Each structure stands twice: as C-alpha cells, then as structure tokens.
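J.: Input sequences plus hints: build the corresponding full structure.
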Amino acid sequence: MADAVVQAGLPDHWSGTGVSISTILEQLVRLRRAFDHRASRTRVMTLVVVGSTEGDVARAAAAMHGLGDHHPARLVVLRPEPHSRTSGIDAEIQVYATSSDDHPVFFEQIELRVRGSGCAHLDSIVEPFTLSDLPVVVWYPGALPAVSDGLLPVASTVLVDTREAGELGTLADLVELARRRPVVDLSWERLRPWRELLAGLFEGPVYRPFARGVSSIDVEGKGGPRRLLAGWLLSRLGTGRTVELHDARHVSVRLVASSHGQEATFEAVRSASERMVRAGASVVGGPAHHELLVLPDDSLAWSLSRALTHLRRDRVWEQALAVAVGLG
Amino acid sequence: MREDEEREDKDMADGGDGVNPLAEGLTRERRAPPGVLVVFGASGDLTARKLMPALERLSRRRMLPPAFAVVGVARTEMDDESFRQAMRAAVPDAGPAWTELVKGFRYVAGEYAHPDTFSALAQVLSDLDDQRGTGGNRTFYLATLPTVFEEVARGLGAVGLNKAPGQVSPVRLVIEKPFGRDLDSARQLDQGLHEFFDEDQIYRIDHYLGKETVQNVLALRFANAIFEPVWNRRYVDHVQITVAESLGVEHRGGFYETAGALRDIVQNHVMQVLALTLMEPPATVDAQGIRDEKVKALRAVGILTPDQVLGDVVRAQYDTGWSEGEQVNGYRDEEGVDPHSSTETYIAMRLEVDNWRWAAVPVFLRTGKRLPKRLTEVALQFHRVPHLPFVASEARGLHPNAMILRIQPDEGISLRFGAKVPGQAFEVRDVLMDFSYGSAFLEEPPDAYERLLLDAMVGDPTLFIRSDEVDQAWQIVDPLIDAWASGEAPVARYAAGTWGPRQADQLIQREGRQWRTP
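So the protein sequences, as listed, match chains A and B. Oh and the first sequence: position 304 is 304 in the working numbering, straight run, nothing missing. Oh and the second sequence: position 284 is 284 in the working numbering, straight run, nothing missing.
Keep in mind the hints are simulated off the structure, nothing from the lab.
Computed beta-carbon distance windows for the label pairs:
{"no.": "1", "chain 1": "B", "residue 1": "G160", "chain 2": "A", "residue 2": "R312", "range": "45 to 51 Å"}
{"no.": "2", "chain 1": "A", "residue 1": "E244", "chain 2": "B", "residue 2": "E24", "range": "21 to 27 Å"}
{"no.": "3", "chain 1": "A", "residue 1": "R313", "chain 2": "B", "residue 2": "H251", "range": "52 to 58 Å"}
{"no.": "4", "chain 1": "A", "residue 1": "V284", "chain 2": "B", "residue 2": "R30", "range": "28 to 34 Å"}
Since the structure is predicted, the reported quantities are computational estimates derived from the model, not experimental observations. Beta carbons are placed, not taken as given, at the ideal position from N, Cα and C, and that holds for glycine.
T.: Structural data, given as structure tokens:
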C-alpha cells in the first residue's frame, strides 16, 4: 500500500507578486513539464482552502500533505485580504511528488494571496485553477461560511467543521446552506466511530427491539459534538424522549430502553485517561455484551481523509444538525 | 397501540431483524451480525496465521458486532484460557480491543469422528446464545485438511447444528480449497456436504477472489462504457493471463508433490481470473448474477482432447538457477520432493473459447514458481491497425495496443498505445498510460481473508465459488491430469529465475505471438 508522504525530489517552486492569473497558469504548466516525468498525474479533486489566518492555512495544508498520495489533488490555498490598501494577487506554486509503492504521484499547491477588491469575486479567481470534470471541494478551516459566501457557486461540496461553531445561529445558517449544496462536516466524521459503536449495540434480534423503546438519553461531552450526537440520536430514534446534556471533557452516552416488559441499558463511556471507549448492552435478567473501542487518531488529516472519501450529501447529518439546533 | 410498540411487534415477527434506526447512513461499512464463528482446526497453522489476524483487523475496523464470539474446535487438548492465550499470541501487535474480544473465546477439544465433540459444541453454542445474545447465528469455518470436511459436516448434522435453532438464523459452512483432487472426487465431496448442508449454506473460499483488484476487474469492465465495446474478438487478438511466483516450494515440498501447479493454481485461481475476464455482463452484480455468468464463461472454454494436451500445454519444473540475487535449488532438490518427481511447477497452455464474444481469440495462461518476479496480470492484446500509414523505420518502436490489468502487486491498469516522438521526424513509439490503484483511493484495501470472512458472516456468497463453478473448472483441468497420468507428456525444464521453458515460448510463437515480459 501507499507509503506515508515521501518527497521524491526537491519541490519545484515559483512565486510572484502582483501577478495575473494567466501568468500563474503559465508558470504552473512550466513547472509541471519540468517535473519528474515518471510521476503519475492521477488527481481526484480540486481542494480550495479558504483561510483567514496564517495558522489556519498552514494547519490545513499540512493536513492535506499528511494524506500522502491517497487524495492526489490540486490544492488551491486562498488568503483573502479585503482590507489591504492595494489590490492584486500574489502567488506561490509548489509541485511535489509522493510515493505509492515506489510509484511517484504528482500533486501541486497554488497559494493565492488576494488583496483588495478581488476578494469580492473569489469565484472568478479560483475557477481558472479548477480541474475539469472533477469535484471542487471548498474548505473553510477555522470558520463556518455564510450562506451568501461568494465562493460557494464554484463548490461542488463544502467542507466545514461544526466544532468551530461558536453560536447556534451559525449552525442554523449551516442547515440552510446544506439545503443548497452538499456539506461535509469534519466533526461528523470524528463522531463516526461513536455512531458505529452505538448503532452496533442494537444489532441482532435480541437487542434491536429496544431501539424502538428508548425512553431516556444522556449525552456528556463538549458543546458542539455533544449537541450533534444528541441531535443524531433524537433524529434517528424519534423525538419525545427525555434528553439530558451535560458538559464534560469527554463524550459518554447512556440510553435506557424497554421492550416487551424488559428493561435494558446501552452505554458507551470514554475513559478519562486513554483514547478508549468501553461500551455494552445489558438486558435486566437477560444477556449482556461488552466491547472496547480504541478511538482512531483524531488528527485533522484523519478526519479530512474520511471526509474527502465521502463527498456526498448526507441526509442523516442534515437531520441530526437540524435537531441539534433545536436543542438549544 | 403506540407506534413504537407496533414497530417492536413487527421486529419480533421478523425474528427481531427489523431496521436498526441508528445504522442508517452507516451501511457503507458492512458489519457482521451478532453470531458465533466456529473454527474447526483451531489449533492449526491457518487459524493462527490467517484467520485470527483477519478477525483482529475486522475488530479494529469495527466490523464485528459486540455480541460475537469465536469457538475453536480441534483435536489438541486445551482449555478455554489456553486457547485464548494462543489466539492473543497469534496477533502479537494487536491492541486492547482484540484482548477484550478474545476474553469471550471458547474452545472444544475432541475428535471430529466422535459424536461427543459435537454434543459439547452444541452446548457451548447454546450457552453463548443465552449469555451474549448471539441469536443462533453460526458460521462454521473448516480450517482443516480437506479429508475431514465430510466428517465434520456429518458430525454437525448429527446434532442438528446444520440448522439454526428454530431455523430463524443463518448457519453457514466455509471450506477452503482444494475442493477435490479431480472431477470425480470433487463431485463426491459435494455429495457428502449436501447431505447435511444446502448449497446456499456452503461457502467455498478461493482467497484470490477476496483480492480487491480481482474484484476491480468487474468494476473496470462493467462500470465503464469505454472498455466493454472493445472487449471482444473484433478488437482483441489474444488474452494472456500470468500468475507468477518468485518463490519455490519453500517447506511445502511434501504438499506440493501431491498438488503441482495445476491443482494448486490453475484449477482455482487461474480459472477464477479467466472467468472474470471472459464473462458476459451480469444483469446484477450479486451472487447469482456474477456466478451464473462465470459458469457460462467456463462452459464456453474448449475442453482439450488428449492430442491438444500434448500440443497446447507445456508442463515444466524449475532447475537450479538464480532468483532475486541468490542461487537456488532445483525443484527435485527441494526438501520433501521426490528426486525423480514429475510434478509440474510451471504450466503454459493455450485455450479457446467457443462463444460469440471470444471465438478465434486464443487465451494463453501461464503460471509457475521460481519465475523472475511475483505478479498476477491479465493482458488483452489488441489487433494491429489494419493499415499503418508510416514508413517502417518511423514505427519501429510500435507494438499493438494492449490493456494490462495488474492484479498484484502494484495493482492498477496500463494502456499501451502509440504516440509521436517529439521532433522534426515523424517517429511513433509505444507509451504506457498508467493508473495505479493505490494512488486514487484513501481506503486501505481489506486483506483477502478479512474480506471473505466478513462476507461469510454477513451472508454474501458473491465472492465464493459455487458447486457448478468448481465442477466446470475441473472439467477443463481433468484432461490434463488424465493425459499426464499416461506419462506421454514430457516435463520440460527451466532455470529458476527465468520466465519458463523454451517450449512455452514455442507454444505462443508458433502463431506469431509472444509472451509479454511483465
């Protein structure tokens, strides 16, 4: 399988200040021609990263590079500076190859610092750099986009992280945005192991009937993920259950349910000191099962790679988010 | 009645197998249902080397349910705890989730011929249903010698374990190749198994089908409009399938003497790859759709007459030679091998396919040990262009187009075509357009055993071999066994580390073609 990111040769590089789009495109072609001829140009998307701070952009680009050769993409990094006193575009291009089974795979990063009036028309700046026939994923690290964001028309998918949502109002905006365009949430991907774990507790003829008889739901955790997880449980199991949300450092979930006169408890508790979750189901006077989940790496590269693998509208997330907003 | 109660009653009426509302949207990741995996031959090499690591990966990928247990059955005397220790040791780099899972493993010691073994197993399974909620769902995996397959099936049938309690949950029997030594013994084995298990309960494993890139042959052919139109006699000149191994027989000389390349590779792996390459598009990509078409493709393969076996098949053995920088023994000098052995370590053969799509397109197969590298590929060599409008000197480096499906290693697809060499002269040369499978997808493909084990537990037989496929593959291979038994066909020799004997080159060259050098 693929190696981790390995730089097959020195990155080829070009930068310019106050340059036109056509100059940047010419330089891009020149660099590609000069680069290692053996490198495969398999590419699966254009990823546009919109960052307001240097730190956000650096973190996002590092995460993308951290994916190695799994999502060979053209990476376009946008740094809008609308309040700059001058207008223009400063650009920097880097061309890399990573290695997959000793087979070099080529990718490129174009960083565009857009100063002044161009910031109002970022779509017109990005469009010339998008790859034909491939999805354009627009990612907003560190913030959630406004419904009216001018870059959204070029996006086939919008990548967000609801963990960044400070206020309920921004989540409500996201519900609206999701109606217009597929939105993929990194926080939702981070919760995937939890969702799989909780769903698994109800598998099989013995435990499944209890899913219809859940009477109370307790969710502990940090604000955003806690709310989203509770929203998911309610949207799947049906509203009208007792829901308790508690602030805690780590996520824990406990469900009490009954079926045909029997009561059962389903719970998943994150250990305080380790990245492990102990989960189990127990029917009073009946069978019980337990399991241990080792939580996967929670790096940005991991959640990003999962998100980029599932670039499609997710109705379950949309419904969970809508209910989460209503939880207050 | 409340809506919840109505749904609950429906779940019960369905055997409790209604929809899990929390699983919606997570269905892409398949998960085994609650149940028990019973491994016969649990103290053996296959269990420790393949099955437990595959189970551990399934556990790590969260594809096993919490209500899951493994019961090991074998002749070796040991208790539950010793078995658990052995299974923990089988996956030394496993994490705490595996340690937790292994705590629930059970073990039954006993002879497969003794009814007490199966009574004890029935009791353990019943206890697990009560304690863990495994719901009567059982998968019996026979990691044993093929000689005891029928004995185990009989033992299970005698205590009613061939059917689930109340006949609600599925019960499956998984067996590993070889499925017989020839057509007669394969049919006899089937008959023995079918006394106790229906065909849809039997899962015959050929781990080659579990390889992601073998399955990708289906995706390539039937998910793309551009390949299928040229996938026929009108455009394809011939097909080459190569299954090459760089290793010798290692420490399996004794086993290999009884099998040879024909039984070890051709009857199963090669026939499966051949069927996937030649088959017609199925109406649906499911177990019946795919397996029906594979059988039809194998039925169209011409059965060789004794004369054709002599003319169109080359069998050979490796001599001493150099492999991967080291001098290596010849086959007859290997441990456990008869110094006068005639067992083949290499086969090259020419087959014809008698159907509308492939008439007059020869298929050349070759497989061997101690070849220069380990690889499996299918190459479709296309016809030459009807007229080449260049002077000969301009197209010296040009060969007919070819599409190569690389199955292992470096999985991917290459397309060879001609392109103009930059410059003032009009010179045309071959170029290779290369797609590397691993470079476009994030997901680490599952190991073949991992995939097939999960499929068996989920109840998806698509990648398992049906009885009629096994039968048809033996019908193609049996004439070779018969002809070789008569001693008429010579055993050619090739130096280890080469692509086979010169007779194999002559086989393909007599029609003006040549083997690819992969």
